[in-house]
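**Q** Going line by line, the protein sequences match chains A and B.
Using our numbering, read the first sequence as starting at 1 and increasing by one per residue.
Using our numbering, read the second sequence as starting at 1 and increasing by one per residue.
Keep in mind that the hints were calculated from the coordinates and are not lab data.
Think of the CB as a built atom: it goes at the ideal place given N, C-alpha and C, for glycine as much as any other residue.
Any given hint could be a false lead.
DEER-style ranges, computed between Cβ atoms [claimed, not checked]: (1) A/His39 <-> B/Ala11: 34 to 44 Å; (2) A/Asp45 <-> B/Lys56: 28 to 38 Å; (3) B/Gly14 <-> A/Gly26: 18 to 28 Å; (4) B/Arg113 <-> A/Arg31: 35 to 45 Å; (5) B/Glu109 <-> A/Arg30: 37 to 47 Å.
Some chain B residues close to chain A (C-beta under 10 Å, calculated; not the full set) [claimed, not checked]: (6) Asp4; (7) Met16; (8) Phe41; (9) Thr49; (10) Tyr112; (11) Ala114; (12) Ser135; (13) His137; (14) Ser152; (15) Arg153.
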Amino acid sequence: MMRWMRQGFWRRPHDPERNAAEYVTGELGRRATRWFEAHLLHCEDCWREVLLGRLGRRVAEEAREPASAGLRDRVRAAVQFTSEGGPAGPSEPSST
Amino acid sequence: MATDQDEFLRATMGAMDLVFSLSRRLTNSRQDAEDLVQDTFLRAFRAWTDHRRPKKVEPWLATICLNLARSGYRTRARRPSEVPFEEWMVEPRPGEDPESRAVGEIEREKLYRAMRELPEEQRVAITLVDLSGFSTHEAAEAMGTPRGTVLSRLHRGRRALARLLGDRIEEVSR
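The shape of chain A in the complex, shown without the other chains (with noise of 0.2 Å):
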């Protein structure tokens, strides 16, 4: 049986939040695009969710930050400092 079927997309409560998040970040199955795409057409809260998301995201994607070339000497120096047996970083716990 294939994923969209499985997952019983459409027989899910009525979610536009999650349609729309789903939809927008482009993880529905093909199948299952099609579907949300004729669902949409006479929906008005997912045409809605989906119009607010895609606009949020683009607006999201604006705000990329590419790290600095002295912040990438910074790390390289720490690391290398760190191999030949200074200290090892942040000591309080965390899931690695």
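Starting from the known structure of chain A, fit chain B onto it as the hints suggest.
**A** For chain B alone, coordinates are given in the frame of chain A:
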């Protein structure tokens, strides 16, 4: 023969922008963000030398960064921002006229402010998925939450940011 250090740097340096973007959204200043990036890489390197190596580097680094931010940087994150206004300005692009540059600066400043005003969990979901290209499954794993929760946070964050663009469209069309 390649050392641990060489292998580590080769495998992870490509994810530097991702970790920086994430750190930038989790801290209040560029300085704190850069400290968090360095600590993330050092923590990852320590795991690497203990032979705890991930299948995919990006979600692994994002998880370490999030965990560090949740522990050591939490106190600092609550501190009122000491960032001068100029720090939020975008670097001018060569050849851009002063008017466009001014508009760009205002918009960028507004954008960062809007991102900072989002609840942390929405900001992280947006950073992982929209800025770093994670799937929502990967983001859920990094954030330690169900995928449905990530979808909901992602959409609410996007909706809040959409209002910003909505305002701009209205201003431009006036």
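**Q** If a hint holds in the structure, say so; if it does not, say that too.
**A** Cross-check of the supplied hints:
1. Between A/His39 and B/Ala11 the Cβ separation comes to about 43 Å, which falls inside the hinted range of 34 to 44 Å.
2. Taking the beta carbon of each, A/Asp45 and B/Lys56 are about 36 Å apart, inside 28 to 38 Å as hinted.
3. Range check, B/Gly14 to A/Gly26: about 22 Å between beta-carbon atoms, so the 18 to 28 Å window is met.
4. In this structure, B/Arg113 and A/Arg31 meet the distance hint of 35 to 45 Å, their C-beta atoms being roughly 41 Å apart.
5. Restraint check, B/Glu109 to A/Arg30: a C-beta distance of roughly 40 Å satisfies the suggested window 37 to 47 Å.
6. At a threshold of 10 Å, the smallest CB-CB gap from B/Asp4 to chain A is about 7 Å, leaving the interface hint in force.
7. Interface restraint check: B/Met16 against chain A, minimum CB-CB distance 5 Å, threshold 10 Å, status holds.
8. Checking B/Phe41 against chain A: minimum C-beta separation of about 5 Å stays under 10 Å; hint holds.
9. For B/Thr49, the interface hint holds, the least distance from its beta-carbon to any beta-carbon of chain A being 7 Å, beneath 10 Å.
10. Interface hint at B/Tyr112: satisfied, since its Cβ lies 7 Å from the closest Cβ of chain A, which is below the 10 Å cut-off.
11. The criterion of a C-beta within 10 Å of any C-beta in chain A is met by B/Ala114, whose closest approach is roughly 8 Å, and the hint holds.
12. Against a cut-off of 10 Å between C-beta atoms, the interface hint on B/Ser135 holds, since the closest Cβ of chain A lies about 7 Å away.
13. Given the 10 Å rule on beta carbons, the hint for B/His137 holds: about 8 Å separates it from the nearest Cβ of chain A.
14. Against a cut-off of 10 Å between C-beta atoms, the interface hint on B/Ser152 holds, since the closest Cβ of chain A lies about 6 Å away.
15. Among the interface hints, the one on B/Arg153 holds; its C-beta lies about 9 Å from the nearest C-beta in chain A, closer than the 10 Å criterion.
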